[in-house]
Amino acid sequence: MAKKNRLFSEEAASVPISSMIDIVFLLIIFFIVTATLDKDMQDENVLLADAPNGRPVVKQDPRTITINLRMDGSMNIGGRVMSADQLTALLEDVKRTTPDPLSIPIVIRGDRQVQYYYGMKVLDAIKKTGLYKVSLAGMQE
Amino acid sequence: MARQSQLKLNPPPDASFPLSGMIDVVFLLLIFFLVTQKPITEEVMINVELPAPDMSTLAADPLIPITIDVDKYSRDNIDEIDARLFALSEQDDPNEVLKDERLYYSFNGSAPMEISRLRERLEAVARADANSTIIIKCDPNVKYRKLIRVLDLCSELGLNSRQLVDKVVPFVPDPPPKRVRR
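Chains as they are written, first to last, in this note's numbering: chain D, 1 to 141; chain Y, 142 to 323.
Just so you know, the hints here were simulated from the structure itself, not pulled from any lab data.
Don't take every hint at face value.
[Said to hold, decoys possible] Chain Y residues, not near chain D, derived (Cβ > 10 Å throughout):
1. 151
2. 254
3. 255
4. 261
5. 267
6. 270
7. 271
[Said to hold, decoys possible] Each computed DMTMM-like pair below joins lysine to aspartate or glutamate, with the alpha-carbon atoms no more than 20 Å apart:
8. D:121 to Y:307
9. D:128 to Y:190
10. D:127 to D:85
11. Y:278 to D:124
12. D:59 to Y:184
13. D:59 to Y:183
Here a beta-carbon is modelled for each residue, glycine too, at the ideal position from N, C-alpha and C.
Take these sequences, add in the hints, and give me the full structure.
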């Protein structure tokens with residue numbers, strides 16, 4: 001009789017809700033963190049060109065300057081739209097204030113549809129400052 | 142005595158959380174974040190070298206650089222054009238049809254060629270000396286993806302020394318772009 005009571009006690013039938021919530025909260029926090037990570041520098045309106053053989057970004061230098069180049073030819077850094085002259089001024093500023101400016105990586109994220117003329121303008125602006133560690137971004141499916 | 146009866150009338154409230162309602166909300170949030178996550182496309186980098194403003198590094202380079210021109214005649218949908226070239230019948234005059242549809246990559250000033258031909262040439266270069274400097278002159282009128290395609294081809298073949306050089310030709314802007322965003 002005692003055995004039967006233990007088998008069908010109310011405790012055994014309930015789902016362990018509190019530990020389930022723990023897991024679910026962990027998942028939520030994971031998704032929130034990964035959703036906001038690195039998105040601040042990348043323009044969502046830029047559709048990159050396919051480059052199946054490019055070098056994957058393993059460990060990105062935190063000083064990386066990302067320049068987004070949209071389909072209409074406008075460029076922005078972290079959403080701040082700027083002209084080529086403003087870009088040169090900004091890079092000059094960076095060059096003056098950072099200890100080892102020549103090692104700062106610059107990434108150009110150009111839209112696949114933009115004409116190269118606009119990319120050339122960005123490259124010219126970078127060239128004027130003498131920063132040479134430039135790479136172009138593509139994507140792998 | 143009066144106090145005791147009051148206690149009996151208002152029993153202490155249940156101290157536990159409304160767990161099931163909380164779980165509902167949390168699952169909703171979880172599903173929201175799962176859905177809004179973008180499909181994973183990995184971003185990759187292609188390194189390029191820029192010539193010094195006075196071009197002195199170019200002149201000092203003892204190797205004969207290999208130049209690739211990317212010209213504006215290259216149309217956007219490469220595969221489609223390839224298919225159409227393949228489907229050409231013998232009666233058509235190829236020169237007329239191909240005049241503005243061929244992909245104009247040229248190699249060391251050669252006649253324009255398709256990307257597959259360019260690839261053969263670059264493979265030969267890579268076999269001879271993978272360290273040779275490839276100079277890419279890109280027409281400002283072409284789409285950016287053309288340039289990325291050539292650069293990607295170079296990195297596939299292990300040609301890692303690439304310089305981007307401007308080609309000075311008049312620029313004609315495309316009509317304003319239209320793209321349907323998903």
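Hint check results:
1. 151: About 27 Å separates residue 151 of chain Y from the closest Cβ of chain D, which puts it past 10 Å; holds.
2. 254: 19 Å, holds
3. 255: The assertion about residue 255 of chain Y holds, with a minimum of 18 Å to chain D.
4. 261: 17 Å, holds
5. 267: For residue 267 of chain Y, whose nearest Cβ neighbour in chain D is about 13 Å away, the distance exceeds 10 Å, so it holds.
6. 270: The claim holds: residue 270 of chain Y sits with its nearest Cβ about 19 Å from chain D, beyond 10 Å.
7. 271: Correct as stated: the minimum Cβ-Cβ distance to chain D is 14 Å, above 10 Å.
8. D:121 to Y:307: Holds. Residue 121 of chain D to residue 307 of chain Y sits at ~10 Å (cutoff 20 Å).
9. D:128 to Y:190: 14 Å, holds
10. D:127 to D:85: Satisfied, since the Cα-Cα distance of roughly 12 Å is no more than 20 Å.
11. Y:278 to D:124: Holds. Residue 278 of chain Y to residue 124 of chain D sits at ~14 Å (cutoff 20 Å).
12. D:59 to Y:184: 12 Å, holds
13. D:59 to Y:183: 13 Å, holds
In the structure shown, no violation is registered for any of the earlier numbered hints.
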